[in-house]
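Student: This is what each chain is made of:
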Amino acid sequence: MSFVPTPSIRVPDTPTILYCRCAYAQVVPTGVKNEVLGKLCESSTSFETVADLCEMAAHRDPRLQAIASCAKLRIAACYPRAVRGLFQQAGSPLPENAEILNMRTQTAGEVTEALLQSQI
Amino acid sequence: MITHTHRPLRVVLYEGTGCIALPTEARAKVMMTLLDKGYAVTRSGRGASAMPHDDCSLLVLGAFEGKAPALEDATGQITIDTRDITGLEPDAIISLVEKSRGDKPMNEPGKWKPWFPVIDYTRCTNCMQCLSFCLFDVYGVSEDNKIQVQNNDNCKTNCPACSRVCPEVAIMFPKYQGGPINGDEVNENEAKREKIKVDISSLLGGDIYSTLKDRSTAFKSRFSKERSADKALDERKKCLTKLVGDGFIPADVLASLPSTDEILKKAEAAKAKAAAALAAQ
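Heads up: the protein sequence lines correspond to chains A and B, in order.
Be aware that the first sequence starts at 1, since it is given in the working numbering, and climbs by one per residue.
Be aware that the second sequence starts at 1, since it is given in the working numbering, and climbs by one per residue.
The shape of chain A in the complex, shown without the other chains (with noise of 0.2 Å):
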């Protein structure tokens, strides 16, 4: 069977959901990202999940440039201006309209609202 490796039903000009674990150094708060997770699980959406953006900067993961390339990205991770810096300094930068939720300061109601928006 031939397969073409993406979701079972892409909708197009919805954003690319991604969440960052930040399971290298836990500077997350745990009960924030874990509700976040959790709610994105009891939602019907497709997203993508990584262990930690910081780790794949780290080594040039060249995932960071499939990730930048999506034209519509939602990020649940840190601080917007740390994240940005991350995938430019691994030769990724990411596109300008790219939302960037923040898990050490918002809360999981608050990110997950927008991580959420338009497609539950």
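Keep in mind that the hints were calculated from the coordinates and are not lab data.
The model shown is predicted, which means the values in this text are computed figures rather than measured ones.
You may find that some hints are simply not true.
The calculated label-pair distances, taken between Cβ atoms and stated as ranges, are [what the hints assert, rightly or not]:
id	chain 1	residue 1	chain 2	residue 2	range
1	A	Glu-110	B	Ala-70	39 to 45 Å
2	B	Asn-154	A	Ser-44	41 to 47 Å
3	B	Ala-92	A	Arg-60	22 to 28 Å
4	B	Asp-91	A	Lys-72	32 to 38 Å
No residue lacks a Cβ here, since even glycine has one placed at the ideal position from N, Cα and C.
Model the placement of chain B on the given structure of chain A, informed by the hints.
Tutor: Only chain B this time, still in chain A's reference frame:
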């Protein structure tokens, strides 16, 4: 030190057409556990666009009711392994993923901390003070004479000292606890206080900040005003000792400083690099 460079396996939790969706709690548990082990996981459900697949291998999990399809990438570039998870508990799913990965190496959280500086180029003025300050060759200069992080694996874990000497608060360490070093927005008043705490001029012995006002002459004056190499070295060490005393950097950074001769060589090399880059601007 950054010693592991293996990319994690990408797991796709497929819950689209032809598959039974996992219960919500099980889905969350599987995803959390895989992420905490270092895997990248795609949940393929409804809505939202997918990230393009650049991976050379994917592990697709789905409740295919015993009929996991044999899939192959139409382009022939991606190896796709498909596994049926019908009726499996989360722990069994995790075991299945681990077994599928086999002995293929992968980075693992808990064994290493991604600690390195990230430059905010919207603030950086390319003054090269970080290049001059860092004794571990973390910084370098690009072909177009811009400061850049070139050897992030040389950075000492939990040492954000270079961020304290940056006059523009342009150096971030995303894994640091406090702002603005962690990437939090820069409050200009705080930024001024940061500058006062560690003044690079006390390390290099020159009136650096005033000369920075005139970028075109900065490179000429900064290093010519430097006092003797020994004096500069003493002051650099004094500054690092103070940062250790304040609990700002770990004590093992001092212990791992290069020898005096090496420091002097590094300082000379950094000085030459910075001067050349600034002169070329």
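Student: Each of the hints needs a verdict: does it hold here or not?
Tutor: Quick rundown of the hints versus the structure:
{"no.": "1", "hint": "A:Glu-110 / B:Ala-70: 39 to 45 Å", "verdict": "43 Å, holds"}
{"no.": "2", "hint": "B:Asn-154 / A:Ser-44: 41 to 47 Å", "verdict": "46 Å, holds"}
{"no.": "3", "hint": "B:Ala-92 / A:Arg-60: 22 to 28 Å", "verdict": "35 Å, violated"}
{"no.": "4", "hint": "B:Asp-91 / A:Lys-72: 32 to 38 Å", "verdict": "36 Å, holds"}
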